[in-house]
Amino acid sequence: MVNLLKERQQQLKEWLEELVFLVRTQGGSTWDSFVLAVSGKSAIIELDGICLQLRADGGEQLEVEIQPIFDVSTVDFSTDAETLRAIIQGRLSLDAAVVIGKIYVQGTLPNLTAIYQVVMNLLADSAIHPELQDLWNKFDQTWLSASVSPIPPTLEQQHPAYSYLIKNIPDDVLRVDLE
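In the working numbering, the protein residues as written are -14 to 164.
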């Protein structure tokens, strides 16, 4: 069991390092927003019970350190592979995943909005960059057993769900007359 945990941590670490490498080599606004969002910060992330600590320093010459972590009292980001698959495939929006509790995030509002921008840029880039699609496919095929179809090749094929925010507002709040 401990070996499986270490193997999963190592695999997740390698994929995250590859993601950082791809974003760095592609440059552009995604890299710029990534540097602004993570430089000088650290976070503990958890995916399907696998925890890693991430630290980033260095501005434009950004160095990202990813370490396995075992004793975790609190995490900054937590989700599962099926939620990531649903987001990538356009069956669930990032916003909806947070609202319904499929993704847990913690941080200051400026930090969260900066990370949100990075993720949205990555989702947009993955539709046009085969390297990002290949990385996703590696994850999808090997991380736990996946029973879902592969990533749609373009954003045009993804259909977001609408009105999930308004559906989560209690009826008594919606009936309040502000006049």
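Some hints could be false.
No farther apart than 27 Å at their CA atoms in a straight line, the calculated lysine-lysine pairs in the DSSO-like style are these [as the list claims (entries may be wrong)]:
| hint | residue 1 | residue 2 |
| --- | --- | --- |
| 1 | 87 | 26 |
| 2 | 152 | -9 |
| 3 | 123 | 152 |
| 4 | -9 | 87 |
Derived CB-CB ranges, DEER-like [what the hints assert, rightly or not]:
| hint | residue 1 | residue 2 | range |
| --- | --- | --- | --- |
| 5 | 164 | 122 | 48 to 56 Å |
| 6 | 85 | 159 | 46 to 54 Å |
| 7 | -9 | 150 | 33 to 41 Å |
| 8 | -9 | 44 | 30 to 38 Å |
| 9 | 119 | 52 | 22 to 30 Å |
| 10 | 159 | 56 | 21 to 29 Å |
| 11 | 122 | 159 | 19 to 27 Å |
| 12 | 113 | 42 | 49 to 57 Å |
| 13 | 104 | -5 | 38 to 46 Å |
| 14 | 153 | 127 | 56 to 64 Å |
| 15 | -9 | 48 | 48 to 56 Å |
No lab work stands behind these hints: they were computed from the structure. A quick note: this is a predicted structure, and the numbers were derived from the prediction, not measured. Glycine included, every Cβ here is placed at the ideal spot set by N, Cα and C.
Verification of the hints:
As the CA atoms of residue 87 and residue 26 are separated by approximately 24 Å, the hinted pair is consistent with the 27 Å bound. A hinted pair counts as satisfied when its Cα atoms are at most 27 Å apart, and residue 152 with residue -9 does not qualify at roughly 41 Å. A distance of roughly 35 Å separates the Cα atoms of residue 123 and residue 152; the hinted pair therefore is violated under the 27 Å criterion. Between residue -9 and residue 87 the alpha-carbon distance is near 24 Å, which keeps this suggested pair within the 27 Å criterion.
Checked against the given bound of 48 to 56 Å, the beta carbons of residue 164 and residue 122, roughly 54 Å apart, stay inside it. Taking 46 to 54 Å as the suggested C-beta distance range, the pair residue 85 and residue 159 does not conform, at roughly 18 Å. Separated by about 40 Å at the C-beta atoms, residue -9 and residue 150 satisfy the suggested range of 33 to 41 Å. The beta-carbon spacing between residue -9 and residue 44, approximately 32 Å, falls within the hinted interval of 30 to 38 Å.
Separation of residue 119 from residue 52 is about 25 Å and conforms to the stated range, judged on CB atoms against 22 to 30 Å. For residue 159 paired with residue 56, a C-beta distance near 44 Å fails the hint of 21 to 29 Å. The supplied range of 19 to 27 Å is broken by residue 122 and residue 159, whose beta-carbon atoms lie about 42 Å from each other. Between residue 113 and residue 42, the C-beta spacing of about 30 Å breaks the proposed range 49 to 57 Å.
A C-beta distance of roughly 23 Å is found between residue 104 and residue -5, which places it outside the suggested range of 38 to 46 Å. In this structure the hint that residue 153 and residue 127 lie 56 to 64 Å apart at CB is violated, the actual value being about 34 Å. The hint said 48 to 56 Å for the Cβ distance between residue -9 and residue 48, and at roughly 23 Å that hint is violated.
Going through the hint list in order, the structure does not satisfy hints 2, 3, 6, 10, 11, 12, 13, 14 and 15.
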